[in-house]
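Using the hints, position chain B against chain A.
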Amino acid sequence: MAVSTIYSTRALNSTHFLTSSPSSSTSKQVFFYRRHQSQTNRRFNTIITCAAQQTVVIGLAADSGCGKSTFMRRLTSVFGGAAEPPKGGNPDSNTLISDMTTVICLDDYHSLDRTGRKEKGVTALDPRANDFDLMYEQVKALKSSIAVEKPIYNHVTGLLDAPELIQPPKILVIEGLHPMFDERVRELLDFSIYLDISNEVKFAWKIQRDMAERGHSLESIKASIEARKPDFDAFIDPQKQYADAVIEVLPTQLIPDDNEGKVLRVRLIMKEGVKYFSPVYLFDEGSTISWIPCGRKLTCSYPGIKLNYEPDTYFDHEVSVLEMDGQFDRLDELIYVESHLSNLSSKFYGEVTQQMLKHADFPGSNNGTGLFQTIVGLKIRDLYEQLIANKATAPAEIAKA
Amino acid sequence: MMSATASHGGVMMLPSPSGALQHQRPPTVTGSDMFRVRRKEPRGLRLVVAATAKYKGTKMREEKLSEMIEEKVKEATEVCEADVRSEECKVAWDEVEEVSQARADLRIKLKFLNQDPLESFCQENPETDECRIYED
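From first to last, the protein sequence lines stand for chains A and B.
Numbering follows UniProt numbering, with no gaps: position 110 of the first sequence is 110.
Numbering follows UniProt numbering, with no gaps: position 128 of the second sequence is 128.
For reference, chain A alone in the conformation it holds in the complex (with noise of 0.2 Å):
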């Protein structure tokens, strides 16, 4: 979409390209110089410089690997569309691409390949492994539309393989370890999550990843969580703190001593106070409200749903906090719930629950993760749709002469 800002200039009678930019715009632009073909008085010519469009760029941070295609998936169906590895590539690419967005999985900054950190002694979470230079710019580039070569980290084989042409998309999502860990990148994130999970649910996660699995067993998994944590705990979980919503996933409430991970607790901590984002609240914005949905009108399997709303603050910033511990069993839950949400920034009723069916297979369709997955995917159209009329309406100076 281009955003246009016009100027005039005095009369002039021969057709020629102005080399001066406007001092504001940082993208492409096109000087065509149009003579005014009518026969008025006006004096004057316009000069239309199209800058091209902005790519809005949005953070995800999550320690599962790039393959949150699950999450990725409600994100950009959002949006219409399936997401989808670019075509004829490198088949190990974790790039995805779907009409408005482009997917890119972090990884692929990696400076060290798998031999490398061996040698070298440093895991994939620890900044020493990433080159944040290549990522600032390259990021830097796609969000003022220009096309970059980016590597590809190949996930089976370990080693960097031949980069891949990107091109700028409307919506680029990096998804990863590190989104939020280089300030410089962090300015250009216009949105940015973090998906908390806690260590209970992250073992039971595992666990059910993993136990199929005939080199794995329970020691293993155990095992392994706990040598990553150190570098974890110094390096990824840090980056909460500047994130613009968290997802805290947490064990549930509703079960006493339940350690399947089955049913799950999630929190949305949203922050306030961001540019064109508006926290989801319950009943009213600000309040704290504790919810049971189920009753009389609605009957639920055991352990049913709870839901809770309050302020709060989370590292010195003040956050609405939507909860959801419990389970949907039935449609008619869904939409119930759906229906005593506010500021959900959905374009119809009921499109929430729409968004959660289209993808009623994937893990997590049933509980809080799937339904504030899908909440923070409208979020996101509403902050691009928002954040592109802005543009659109940026100062037109056209002065007569």
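Rather than coming from a laboratory, the hints here were simulated on the basis of the structure.
Backbone N, C-alpha and C define an ideal beta-carbon position, used for all residues, glycine too.
One side only, chain A facing chain B, incomplete, derived with CB under 7 Å: (1) G88; (2) H155; (3) R209; (4) S220; (5) R228.
Same frame as chain A, now just chain B:
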């Protein structure tokens, strides 16, 4: 705009921009059916159609990753016997994590997204060994 009134129960007919509830669900299965089926299914079964590799190359990748997990777990266990806090130990388990996640990603792609990573490569190069259709 939506306004929440917790005092009322049931589903409210809230004014929406278009003034009506739009039905855009998938035509064949209703949402409530999906949720009910999910609940009754025994754990481990999924609704999705294809859960296996389509091309030989993908099957090979799956197996390779599974082997690597086994190897690297063994390696890590050995390395950490000496000193569980050493750098080597950390790195060894990090490798296990990397490969386990890569294995899981491949499984997710095939199971939930029905995408074989070699799909577009094999459209262009159907004659390569990697692109032979995998028969169980």
